[in-house]
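Novice: Chain by chain, the residues:
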Amino acid sequence: MREILYKDALVEAMREEMERDEKVFVMGEDVAIYGGAYGATKGLYEQFGEDRVRDTAISESAIVGAAIGAAITGMRPIAEIMYIDFITQAMDQLVNQAAKMRYMFGGKTTVPMVLRTEGGAGRCIAAHHSQSLEAWIMHVPGLYLVMPSTPYDAKGLLKASIRDDNPVVFIEHKMLYGMKGEVPEADYIIPLGVADIKKKGSDVTIVAYSRQLHVAMEAATELEKDNISAEVIDPRTLKPLDIDTILTSVKKTSKLVIVSEGYKTGNVASEIAMLVMEHGFDLLDAPVKRVCAVDVPVPMSPVLEDAAIPNKQNVINAVKEICQ
Amino acid sequence: MKESKEELIGYLRKMMEIRLFEEKVMELLARNVIKGASHLYAGEEAVAVGACSAIKPDDYITSTHRGHGHCLAKGGKLPEMMAELCGKATGYCKGRGGSMHIADVTAGNLGATGIVCSNVPVAVGAALSVKMRKTSQVVLCFFGDGASNNGVFHESLNMAAVWKLPVVFVCENNLYGMSVAASRCSAVQDMADKAKAYDIPSMICDGMDVLAVRETIKKAVERARKGDGPTLVECKTYRYFGHSRSDPRAYRTKEEEKEWRNKCPIKQFSKKLVDNKIFTEQEIAQIEKQAEEDVESAEKFAVESPYPNVKELRDDIYAPSPTELVNGGAIR
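Sequences listed follow chains A and L, in order.
With the numbering used here applied, the first sequence covers 1 to 324.
With the numbering used here applied, the second sequence covers 1001 to 1332.
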């Protein structure tokens, strides 16, 4: 199968959905002529024009608010917020409006929009451009949360998100845009709420998503040398979360490690761990382990940045602590 | 007056309904029949009625946390409104929104909001959608003087101006943002001046005069429909009650309140109709009596309506997804 870049998979997803449905359009900072800060909208402006690929002012709140207004009146907007750190400026619109309108109005409206953004560390761009704030999104009823780890997942999940009638926060990882992977040319979607077992194993379950999926996979390869067989699960969507696949795996392995690039306190991993306790406490033979970012604003200096987020060794250590 | 007798009676009746509805709400709040918060619109009726009379049924409005008047003026029905305020299953939002989130999406009312200024970008997005779908609709965006000091107000006006969107920003300047007078928190006293920064034309009108509001909004709507972009209309008005029920109104004087009560939009308009021999006082009394009866029957409907079934607590958080979800019921 052909291989393409994660960012190009995103462009393809949007292109195909825009060709399929004229109500789909893109708006955000530098999405048109520039092609998106990470190239994830490249070529769309040339194909669809400025009406459907709209450069905006640096007005995060208005971008998200306008996407909501367009969504509830018949359009299917994709709003790009350049860095997830900037959604702090649009949180009112996202949390109070997009997430709640349907419920608050008695189910009489839908908000079919996608908020595309990126997050994560790895480029030495410090505390305002490197965060992983997905736990904030996961906390709010009414939002879906999608975080693809591969080009294949990126395309299939983005297409599903665009077709979904709910507000979807779609978080890409800045270190994955340049990653290559197999992506079919045929039209396909990946349903939201379905996890993927990226590697089969029998001794321990590792749940990891976005860039940390790859860290977990490297760790799993290393662990094989020590005869520890890790099953690696990528939830792909954190909300809806496919807890069944995780529980099925834990039933087999009896051990669980969760890897996330978000700050440790109040992390997505805490929620997954708690769900496993609630639904599968008897399945566990050891305490659940979390491997998360240190509770520190992401520092610029490369050595500090590396130390702030999980790495392969952290995952290996966590697994060994409960497997030996 | 160029409007037909039927139209004029419609405006008067709608203003009376809003006033009587709000007075009834005040009474029901005091009796604890209505729980929670209610921000009453009494005094500002001419703005909602004048503005909504200048648009068509398929046009949109976005509302504020003081949204009962907008809802009714945009075609909302008293019983469903009252039921919503009482948290009943028969309310517009099945009792989930209450006073602050009253919405009637099918009538083009895109909803009220509990966050000041939060609906202004939503109105801009609705106008963007209108432009992209190439319909001839317009959006009326109601907001208060207080909202115009919020950051997203400025982001939104800028965006609407750059894209020449068919939106009319309707500022209901009732002089106070909760307790803080506009003179103490806004650098300019005519909120209309804020449009200049975005090269948006603005107009100021007497928000206590329904026909003045209607005329002004009509011009702005016409401009929007022609594709000439947004306008900011500032309506000078006054709320008769406090910000909400717990407000003792210590920040304003009895004299000031009396002065504005003398400008009552309903009394003024009634007098104008009588003076111009369009209506007799008896006819007007008859309309008021009918409005009173309608509000009474809305109250009865609301009080007798059932509360929502608690089994429905988790309904409507999400729209049905086209793809099947796997989640084991543990979390969505």
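Any given hint might turn out to be false.
Claimed, not checked - Partner residues are not named here, just some residues of chain A that face chain L (Cβ under 10 angstroms, in silico):
id, residue
1, A67
2, K225
3, P302
4, L304
5, A307
Stated by the list, open to error - Pairs of lysine-lysine residues, derived as BS3-like cross-links and limited to a Cα-Cα distance of at most 27 angstroms, are as follows:
id, chain 1, residue 1, chain 2, residue 2
6, L, K1271, A, K23
7, A, K108, L, K1134
8, L, K1271, L, K1005
As the list claims (entries may be wrong) - Label-pair distances were calculated between CB atoms; the ranges are:
id, chain 1, residue 1, chain 2, residue 2, range
9, A, K42, L, E1023, 58 to 64 angstroms
10, A, H139, L, V1303, 49 to 55 angstroms
11, A, T88, L, G1075, 50 to 56 angstroms
12, L, R1314, A, K42, 26 to 32 angstroms
13, L, K1164, A, R20, 55 to 61 angstroms
14, A, R20, L, E1312, 33 to 39 angstroms
15, L, K1164, A, I58, 17 to 23 angstroms
16, L, E1027, A, I58, 24 to 30 angstroms
17, L, E1215, A, T88, 38 to 44 angstroms
18, L, E1312, A, T88, 29 to 35 angstroms
19, L, V1274, A, T88, 53 to 59 angstroms
20, L, I1278, A, T88, 36 to 42 angstroms
21, A, R20, L, R1252, 53 to 59 angstroms
Because the hints were derived from the structure by calculation, they are not lab data.
For each residue, glycine too, the CB sits at the ideal point set by N, CA and C.
Novice: Take the hints in turn and mark each one as holding or not.
Specialist: Results for each hint:
no.: 1; hint: A67; result: holds (6 angstroms)
no.: 2; hint: K225; result: violated (33 angstroms)
no.: 3; hint: P302; result: violated (35 angstroms)
no.: 4; hint: L304; result: violated (33 angstroms)
no.: 5; hint: A307; result: violated (32 angstroms)
no.: 6; hint: L:K1271 <-> A:K23; result: violated (50 angstroms)
no.: 7; hint: A:K108 <-> L:K1134; result: holds (24 angstroms)
no.: 8; hint: L:K1271 <-> L:K1005; result: holds (15 angstroms)
no.: 9; hint: A:K42 <-> L:E1023: 58 to 64 angstroms; result: holds (60 angstroms)
no.: 10; hint: A:H139 <-> L:V1303: 49 to 55 angstroms; result: violated (37 angstroms)
no.: 11; hint: A:T88 <-> L:G1075: 50 to 56 angstroms; result: violated (38 angstroms)
no.: 12; hint: L:R1314 <-> A:K42: 26 to 32 angstroms; result: violated (41 angstroms)
no.: 13; hint: L:K1164 <-> A:R20: 55 to 61 angstroms; result: violated (28 angstroms)
no.: 14; hint: A:R20 <-> L:E1312: 33 to 39 angstroms; result: holds (35 angstroms)
no.: 15; hint: L:K1164 <-> A:I58: 17 to 23 angstroms; result: holds (20 angstroms)
no.: 16; hint: L:E1027 <-> A:I58: 24 to 30 angstroms; result: violated (48 angstroms)
no.: 17; hint: L:E1215 <-> A:T88: 38 to 44 angstroms; result: holds (43 angstroms)
no.: 18; hint: L:E1312 <-> A:T88: 29 to 35 angstroms; result: holds (34 angstroms)
no.: 19; hint: L:V1274 <-> A:T88: 53 to 59 angstroms; result: holds (57 angstroms)
no.: 20; hint: L:I1278 <-> A:T88: 36 to 42 angstroms; result: violated (56 angstroms)
no.: 21; hint: A:R20 <-> L:R1252: 53 to 59 angstroms; result: holds (57 angstroms)
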